[in-house]
Amino acid sequence: MSVTRRWSAGRILVILILALAAVISVFPFYWMIVGTTLNPNDVLRGILVPGRDFVSNWLQAVKNYNLPLFFFNSLKIAVLTVVFGLVVNGLAAFGFEKYPSKARDKVFGVLLLTLIIPQIALVIPMFRMFAFFDLLNTHAAIILPSIMSVFIIFFMRQNFKMFPTEIMEAARVDGAGEFSIFVRIVTPSMQATYASAAIYLFLGQWNSYLWPLITILTDTKKTLPIAMASMMNAYTIEYGALMVIVCISVLPVLVLFLSMQKQFVAGLLGSVK
Amino acid sequence: MEKRGIYQRYLNRFGWFCVAPAMAFFTLFMLYPILSSLYYVTRRWKGMSNTFIGLGNFVRMAHDTIFQDALAHNFFFLVIQVPLMIFLALMLATLLNQGIKRFRGAVRLAIFLPAVTSLVVVSVLFRVLLQTNGLLNNIMIQAHLITTPIGWLTDAFWAKITIILAMTWRWTGYNMVFFLVGLQSIDTEIYEAAEVDGASKVRQFFTITIPLLVPVILFSAVTSTSGTMQLFDEPNILTWQGGPANATMTAALYIYRQAFFVNADFGYATAMSYVVVLISGIFAFVQMRLLGERRAK
Chain B
208 MSVTRRWSAG RILVILILAL AAVISVFPFY WMIVGTTLNP NDVLRGILVP
258 GRDFVSNWLQ AVKNYNLPLF FFNSLKIAVL TVVFGLVVNG LAAFGFEKYP
308 SKARDKVFGV LLLTLIIPQI ALVIPMFRMF AFFDLLNTHA AIILPSIMSV
358 FIIFFMRQNF KMFPTEIMEA ARVDGAGEFS IFVRIVTPSM QATYASAAIY
408 LFLGQWNSYL WPLITILTDT KKTLPIAMAS MMNAYTIEYG ALMVIVCISV
458 LPVLVLFLSM QKQFVAGLLG SVK
Chain P
-5 MEKRGIYQRY LNRFGWFCVA PAMAFFTLFM LYPILSSLYY VTRRWKGMSN
45 TFIGLGNFVR MAHDTIFQDA LAHNFFFLVI QVPLMIFLAL MLATLLNQGI
95 KRFRGAVRLA IFLPAVTSLV VVSVLFRVLL QTNGLLNNIM IQAHLITTPI
145 GWLTDAFWAK ITIILAMTWR WTGYNMVFFL VGLQSIDTEI YEAAEVDGAS
195 KVRQFFTITI PLLVPVILFS AVTSTSGTMQ LFDEPNILTW QGGPANATMT
245 AALYIYRQAF FVNADFGYAT AMSYVVVLIS GIFAFVQMRL LGERRAK
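Taken in sequence, the protein lines are chains B and P. For the first sequence, my numbering gives the first residue as 208, with consecutive numbering after it. For the second sequence, my numbering gives the first residue as -5, with consecutive numbering after it.
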């Protein structure tokens, strides 16, 4: 047996396949970053070396397409969804897991059943409901329905299972109230769970398209996905400015992923455990 | 004794207090829409008014070839894309796990990267890349793979392939991560034993890896199936409103267009969404049963 690894045909094939997969996966990211520096024609043709139109593309995205406003709208909606979502779902998961009752388990079963219902089946009655309350074309219409997430409650409940009930018992003996046990003892030790849930909620809202597409009616209320999609409907598409907006829309998620890889993947994997 | 009962009731009440906010949201945005859809499904909209037509919406569906074609497109994407993607993800996970030691983390990161993009971004990027005079056609012509540009977005057949390409790019790395976690739970001794018995790597993949990963594969299949049944963003943006000429029209997109775009026929759209729920439910049930049987063994 030789110490150096052999460069067999099989090994080269493995490396080639993996390299190809990595290149195909990363290439569109490189291409869209380069695209922000090109004029529309060169974006389309697929020039792969940076051009000189970065500033003009950026200015166009900011002035003609209101990029800062769309970014702020998206951010506001996503952050509020995360904040309310963590409070509501975290508390519910805690209640379902740490205060066992037959009645609540039945309720939980009903919640789980609704996981298979596709969004498209809910948007019609929801649209009528928001129209009735005159809440169409508001950001509240986008935030409110995404706060409660059965998946997040399920995911957090799985994680609350790991929190030892003995610690809660000990705190009760020391005279702590149930709510302060939750806020002061349980929540701080479940930070990783909350981080994963936050990432999941943020992604879902930051990327959401169908429901905002239905509820948003005016330009100033648009989110980034809606803005990008409507740019694609224009007669002439400003590809340079489009690439700037695409990059801005991908960037926060990319930063989130690279800085919190573990929680990010845990958020995705939560349901397999 | 009495005191203990009071305390238990207090704890129970606190439990309800915890789940109450979530239940309120659930009632408003899940339960109420489901219940009120029972009303919509029996009615036909004409302008602002609507009339009761019983099961008429379902009768109409039987004659609506666009809707039937849309469902057929969903099945087409399902049958081609989900197995293709699961196979690719499994293969990449296995190669990453056994094939290389250096750069493993970097390659895994690279392949997962598409999962950070939204479906809207994927659709926008692929729509630009796959223009007739766009990057992919240019590269393929220069490499002498093709002589005339492929109509990725304009040809009825290629447009379907385009959707599959975009979905596969977006989701393969995502599913690969599930499989990598699954692979970690497989005892390496099994492979060593197979190695001693002279089984090739390819044989090991089909006789050890795949059978042991069946639960994860099924999980992946369940989530991908439900995603494919809801396919909306890609056909609406990438191939532009289910084009060319409805070649990539999906059920969700057609329902959306009937309710909010073409004509505000909420009753008919609701009835069609019932069919989608039913089909998704059947798929989920069958796949879960398969999963349950594996677990029971």
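For the record, the hints were derived by calculation from the structure and aren't laboratory data. Model, not experiment: these values are computed from the prediction. By construction, the Cβ of each residue, glycine as well, lies at the ideal position given by its N, Cα and C atoms. Treat the hints with caution; some may be incorrect.
[Claimed, not checked] Quick list of simulated restraints, FRET-style, between CB atoms: (1) 227/B / 199/P: 17 to 25 Å; (2) 321/B / 56/P: 25 to 33 Å; (3) 427/B / 99/P: 40 to 48 Å; (4) 255/P / 387/B: 47 to 55 Å; (5) 41/P / 255/B: 22 to 30 Å; (6) 14/P / 283/B: 41 to 49 Å; (7) 95/P / 259/B: 39 to 47 Å; (8) 372/B / -3/P: 32 to 40 Å.
Hint check results:
1. 227/B / 199/P: 17 to 25 Å: Holds, at about 18 Å.
2. 321/B / 56/P: 25 to 33 Å: 28 Å, holds
3. 427/B / 99/P: 40 to 48 Å: Roughly 43 Å apart at Cβ, these two residues keep to the hinted range, so it holds.
4. 255/P / 387/B: 47 to 55 Å: 51 Å, holds
5. 41/P / 255/B: 22 to 30 Å: 53 Å, violated
6. 14/P / 283/B: 41 to 49 Å: Check failed, 27 Å falls outside 41 to 49 Å.
7. 95/P / 259/B: 39 to 47 Å: 43 Å, holds
8. 372/B / -3/P: 32 to 40 Å: 21 Å, violated
Violated hints, in rising order: 5, 6 and 8; the structure is consistent with all others.
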